[in-house]
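Asker: So the chains spell out like this:
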Amino acid sequence: MPLDTYKFHDIIHRCFRCGYCKFPTNWMDVNNCPPYARFRMEPYSCGGRLWLTRAWLNEIIDWSNHLAEILYSCTTCRNCEIKCPLGFNVDIVNMVVAARGEMVEQGKLPPAVKKFLENIDLYGNPYGNARSKRGAWMEGAPIEQYDGQEYLYYVGCTGSYDTRAQNSSKTLGILLDKAGVSFGVLGSEENCDGNEVEKLGEAGLFEVLAEDNMARFNDLGVKKIITLSPHAYNAMKNLYPRLGGNFQVFHYTQILLELIKAGKLDLSKGFNAKTAYHDPCYLGRWNGQYETPRELLETVPSLKLIEMEKNRDGALCCGGGAGNFEIDLLGGSESSPARRRVREAAALGANVLAVACPKCLIMLEDAVKSEELEDTLAVKDIVEIVAGACCT
Amino acid sequence: MKSIYEALVGIVDGEHVSDRPEELYIYSFDLGTAQPQRPDYVVAPRTTQQVQDIVRLANREKIPVVPLGGGLSLAGLAVPLKGGILVDLKRMDSIIEVNEKGRYAVLECGVSQAQLTSYLARNHPGLTHSEPGAPPTATITGNVMIHGQGDLSQPYGFNSDLVNGLEVVLPTGEVCRFGSCAIGASWFTNHPLPDVGLFFGWCGTTGIVTRLSIRLYPAKPIRGVGQFVVENEELVPEIMEKITRTQMAEDIIAYSRAIPPFGMGLQHFTVNIAADSEKELEFKQELIWDDALGEYIRRGDGGYLGFTRGLERPQISKTSDYKKGGGFEYVGGIMPIETYPRCYRSGREISERHGIPYTVTGRCIGVGHSMMFAWTYAFNRADPETIRQAREALHETDDLVLELGGVIWKPGTYGQRLIMERLDPGTRTLMKRIKEVLDPGGIMNPGNWEGI
Numbered sequence: 201m202p203l204d205t206y207k208f209h210d211i212i213h214r215c216f217r218c219g220y221c222k223f224p225t226n227w228m229d230v231n232n233c234p235p236y237a238r239f240r241m242e243p244y245s246c247g248g249r250l251w252l253t254r255a256w257l258n259e260i261i262d263w264s265n266h267l268a269e270i271l272y273s274c275t276t277c278r279n280c281e282i283k284c285p286l287g288f289n290v291d292i293v294n295m296v297v298a299a300r301g302e303m304v305e306q307g308k309l310p311p312a313v314k315k316f317l318e319n320i321d322l323y324g325n326p327y328g329n330a331r332s333k334r335g336a337w338m339e340g341a342p343i344e345q346y347d348g349q350e351y352l353y354y355v356g357c358t359g360s361y362d363t364r365a366q367n368s369s370k371t372l373g374i375l376l377d378k379a380g381v382s383f384g385v386l387g388s389e390e391n392c393d394g395n396e397v398e399k400l401g402e403a404g405l406f407e408v409l410a411e412d413n414m415a416r417f418n419d420l421g422v423k424k425i426i427t428l429s430p431h432a433y434n435a436m437k438n439l440y441p442r443l444g445g446n447f448q449v450f451h452y453t454q455i456l457l458e459l460i461k462a463g464k465l466d467l468s469k470g471f472n473a474k475t476a477y478h479d480p481c482y483l484g485r486w487n488g489q490y491e492t493p494r495e496l497l498e499t500v501p502s503l504k505l506i507e508m509e510k511n512r513d514g515a516l517c518c519g520g521g522a523g524n525f526e527i528d529l530l531g532g533s534e535s536s537p538a539r540r541r542v543r544e545a546a547a548l549g550a551n552v553l554a555v556a557c558p559k560c561l562i563m564l565e566d567a568v569k570s571e572e573l574e575d576t577l578a579v580k581d582i583v584e585i586v587a588g589a590c591c592t
Numbered sequence: 060m061k062s063i064y065e066a067l068v069g070i071v072d073g074e075h076v077s078d079r080p081e082e083l084y085i086y087s088f089d090l091g092t093a094q095p096q097r098p099d100y101v102v103a104p105r106t107t108q109q110v111q112d113i114v115r116l117a118n119r120e121k122i123p124v125v126p127l128g129g130g131l132s133l134a135g136l137a138v139p140l141k142g143g144i145l146v147d148l149k150r151m152d153s154i155i156e157v158n159e160k161g162r163y164a165v166l167e168c169g170v171s172q173a174q175l176t177s178y179l180a181r182n183h184p185g186l187t188h189s190e191p192g193a194p195p196t197a198t199i200t201g202n203v204m205i206h207g208q209g210d211l212s213q214p215y216g217f218n219s220d221l222v223n224g225l226e227v228v229l230p231t232g233e234v235c236r237f238g239s240c241a242i243g244a245s246w247f248t249n250h251p252l253p254d255v256g257l258f259f260g261w262c263g264t265t266g267i268v269t270r271l272s273i274r275l276y277p278a279k280p281i282r283g284v285g286q287f288v289v290e291n292e293e294l295v296p297e298i299m300e301k302i303t304r305t306q307m308a309e310d311i312i313a314y315s316r317a318i319p320p321f322g323m324g325l326q327h328f329t330v331n332i333a334a335d336s337e338k339e340l341e342f343k344q345e346l347i348w349d350d351a352l353g354e355y356i357r358r359g360d361g362g363y364l365g366f367t368r369g370l371e372r373p374q375i376s377k378t379s380d381y382k383k384g385g386g387f388e389y390v391g392g393i394m395p396i397e398t399y400p401r402c403y404r405s406g407r408e409i410s411e412r413h414g415i416p417y418t419v420t421g422r423c424i425g426v427g428h429s430m431m432f433a434w435t436y437a438f439n440r441a442d443p444e445t446i447r448q449a450r451e452a453l454h455e456t457d458d459l460v461l462e463l464g465g466v467i468w469k470p471g472t473y474g475q476r477l478i479m480e481r482l483d484p485g486t487r488t489l490m491k492r493i494k495e496v497l498d499p500g501g502i503m504n505p506g507n508w509e510g511i
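Just so you know, the sequences run in chain order A and B.
When you read off a place in the first sequence, starting at 1, and then add 200, the result is the number in this note's numbering.
When you read off a place in the second sequence, starting at 1, and then add 59, the result is the number in this note's numbering.
Don't read these hints as lab results, they were simulated from the structure.
The beta carbon of each residue, even a glycine, is placed where N, CA and C say it ideally should be.
Keep in mind that the hints are not guaranteed to be accurate.
Stretches of chain B that chain A covers, calculated by requiring three or more beta carbons in the stretch to come under 8 Å of a beta carbon on chain A [as the list claims (entries may be wrong)]:
#	segment
1	82-93
2	131-144
3	371-379
4	382-393
5	485-499
All chains, full assembly: derive it from the sequences and hints.
Answerer: Here is the structure:
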């Protein structure tokens, strides 16, 4: 595609590659762009990606699998957009996504990305697991199929299929039930939310998924949705409305906080641990939800909340965004973002690293194992912490 | 026999060596107007030993080596003009020591300006370093190597004057240390051992600095910027002289720019003032604005625009986006302060001739012993004609610097040629001898200071 038909042809040259985008808010290092932190070579920086995109679209360099991997290694964490002081900063991630879209159009994708998208198209999840198994996580839990209840509890692919994340899904269902919330799930009728698909540049497949989901929600009369994952929260809150979606969407931390404030959950058992909270990108930088999870953690008796230096809009991404929890272009090294992140928590003296995202949960728990920190640091979903503090 | 690529992988690792088009493309550029030139290999070492091994390999293979720090000189100094191995040093980014009492920091060469600023603010809030107005990724070492300046240059001089010691990998691969660290003492002073002065200003042609010790200074808790303005550029040198005489300012910058239009033709001053107490701040303000500059205000020649508390560090620069074009470059001249009026008028004339809104800045160095005067030319990276215009303006400005009796700061190859044409023959011969002794294979950043 020539540059002049690229959606952002009039701004992509404006990146100077000054490198503000590599830093967290407190400027402590240049490791807050996940791919740059992982590889520490300039093509993997935000500016490197934009310059390579322009060179590719200008036919100065050819497409290669390496080029595609550089572009797909961006987790869309938006740290660059927070730090770039220039007027085009709001479109930095969009520029990368648009370039990926062009690769999708041309059918030129890294094999792992291609497989990810194919699996979602065929099976409704990136893992290639059977649709019929999507509801298996709720076996034995007091969770009903959605049938006009007040809330639809949307679990998402990771919470449905990943064995570690399934504990979060189930625990949330049990807590909601305990608090008397009227809710139901779609079980094997649930489909992928499409957030990662959109960020991988497959706009067509995203539209199919979103429209399919919205049609099902509308047919069932869904008005309010609780999501386990910030990724699904982002898709349904910010992307679906562009296609006509009109739902009230909540991340589960918002609901739990309200339930606790209303006295519907008794946390008097407490949770005795020095706990650091890791901000998920799609809850924090994408949706501005920095304080709700912290407020929720602070309601838990005996829990001591401590802050990592990289927090809120300066948090380091776990490296799992934009499909990288499965595509895994950033793994395999002590420089991987997730391993950097758990080292930061451990150095702070945290016993628990709390997360509010199933993708962060699996990324960071794997990193704890790689760093051999299992004896000192546990990764826990906030819902698990709340459940642990809850009196039966 | 192993290929050069395989040998580099053996020295570093497979993830930090590349000969692929994507890396070669990105590392072919300076961010200014210099023509890109692709290296043959890119390598990002982590240790001094790895740097030594790379340099020895390059000597054996007779292939150029080009060291790269932040890559923000904007003068094309790290463009691999003759290909070879580009060595990205930013992975060597440990802050090894901060000595509070001795007021110095020992750093690896990849430590960035913002990293040190942040580290000091978080761990040693009583100390600060002289930070240039460059983007935060600029490295401390890169800035020192080109005789950079910073926001403490007014009282203390060039940042290269603030060095207490160096560790250098020579072009033949040996490691040398300079300063007190060379005799096994701590890195607290660069004196009084014999001064070898072989590395600053040489544009990476005499070795690769891998560590350095830089002086730190008291960070006073109250810091801010006062602003003053005059219309007549002829008044700027004497105003600078009067402010420096008070010895109350940390940084003094005079500037003039075409945008915003209402400020065109005016000469603005920013004066950084720091204090431990309100009393000290009031005293300093009184000495500067009332005693030193009061007469200009009373005569109606100048106006005090107020004092803003807080200092933005690192500074956020939006200069590259002036034309919504992602590009700018400037010529920096180290100039006598009395040349400010001519620097301003000539710079404005050059800019206007090339259709570029003018921006000129003069930063006082060393209590007025000189100033770094910058003529900035923005361009649109998507429009080759604006790049050509900016490049022409830059070359004209290089000529202007020498015409006005200044010295081109961090000259690119064009400026280097101009300097060499004027250089004292004895000095030129000595530089040639030094280069031949240090770099017999001619591998270090060739194309720079070529033909010396």
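Asker: Next, verify each hint and record whether it holds.
Answerer: Results of checking the hints against the structure:
| no. | hint | result |
| --- | --- | --- |
| 1 | 82-93 | holds (count 6) |
| 2 | 131-144 | violated (count 1) |
| 3 | 371-379 | holds (count 5) |
| 4 | 382-393 | holds (count 5) |
| 5 | 485-499 | violated (count 0) |
Hints 2 and 5 from the earlier list are contradicted by this structure; the remaining hints agree with it.
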